[in-house]
Amino acid sequence: MMKKKSVKRGRKVVTLDSLAIMVQKGFVEARDQLEEHKVEFKQFKESTNKSLFKLHSQTAVVNQRLGNIEKVLGPWVYVIDALKVNFRDHELRIARLERNAGLKK
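Residue numbers (the UniProt record's numbering): 1 to 105.
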């Protein structure tokens, strides 16, 4: 028969067998907690994937709508630029006429 080693701690005696049991319980608890976290992470991943899919779909719709707006507004940019040039030209002509008429100095 093998002699069991023990360590005295205060009033409690800890044997190798009881220490092994405590360590085993710790591993079982850690494994159970890890399994719980795996389930939580899997649910989080699925939820995140759904959210990203929705976001991607909405982004595609927004991109399409912006593309349509650009198609409509694109030609107007050139029209507006031409109108700006025309407007500046008219401002200069009016200012010159006012100066010649003595209305402005």
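Please note that the accuracy of each hint is not assured.
What the hints assert, rightly or not - Simulated pairs of lysine-lysine, PhoX-like, Cα-Cα distance not exceeding 20 Å:
{"#": "1", "residue 1": "Lys50", "residue 2": "Lys38"}
{"#": "2", "residue 1": "Lys25", "residue 2": "Lys12"}
{"#": "3", "residue 1": "Lys25", "residue 2": "Lys42"}
Unchecked claim - Simulated restraints on C-beta separations:
{"#": "4", "residue 1": "Glu35", "residue 2": "Val14", "range": "48 to 56 Å"}
{"#": "5", "residue 1": "Val61", "residue 2": "Glu91", "range": "31 to 39 Å"}
{"#": "6", "residue 1": "Arg96", "residue 2": "His56", "range": "37 to 45 Å"}
{"#": "7", "residue 1": "Ser57", "residue 2": "Met22", "range": "25 to 33 Å"}
{"#": "8", "residue 1": "Pro75", "residue 2": "Phe41", "range": "47 to 55 Å"}
{"#": "9", "residue 1": "His56", "residue 2": "Trp76", "range": "25 to 33 Å"}
{"#": "10", "residue 1": "Asn68", "residue 2": "Arg31", "range": "49 to 57 Å"}
{"#": "11", "residue 1": "Ser57", "residue 2": "Ile21", "range": "37 to 45 Å"}
{"#": "12", "residue 1": "Glu35", "residue 2": "Leu73", "range": "50 to 58 Å"}
Think of the hints as simulated: they come from the structure by calculation, not from any bench.
The beta carbon of each residue, even a glycine, is placed where N, CA and C say it ideally should be.
Each hint, compared with the structure:
1. Lys50 to Lys38: Distance ~18 Å between Lys50 and Lys38 Cα, so the pair holds.
2. Lys25 to Lys12: Distance ~19 Å between Lys25 and Lys12 Cα, so the pair holds.
3. Lys25 to Lys42: violated (26 Å)
4. Glu35 to Val14: 48 to 56 Å: violated (29 Å)
5. Val61 to Glu91: 31 to 39 Å: Since the Cβ atoms of Val61 and Glu91 sit about 43 Å apart, the hinted range of 31 to 39 Å is violated.
6. Arg96 to His56: 37 to 45 Å: Since the Cβ atoms of Arg96 and His56 sit about 58 Å apart, the hinted range of 37 to 45 Å is violated.
7. Ser57 to Met22: 25 to 33 Å: Hint violated: Cβ distance 53 Å, outside 25 to 33 Å.
8. Pro75 to Phe41: 47 to 55 Å: For Phe41 against Pro75, whose Cβ atoms are near 52 Å apart, the range 47 to 55 Å holds.
9. His56 to Trp76: 25 to 33 Å: Roughly 31 Å apart at Cβ, these two residues keep to the hinted range, so it holds.
10. Asn68 to Arg31: 49 to 57 Å: Given a distance of about 56 Å, which is inside 49 to 57 Å, the answer is holds.
11. Ser57 to Ile21: 37 to 45 Å: violated (54 Å)
12. Glu35 to Leu73: 50 to 58 Å: The hinted range 50 to 58 Å holds for Glu35 and Leu73, with Cβ atoms some 56 Å apart.
In this structure, the earlier hints numbered 3, 4, 5, 6, 7 and 11 are contradicted, and the remaining ones agree with it.
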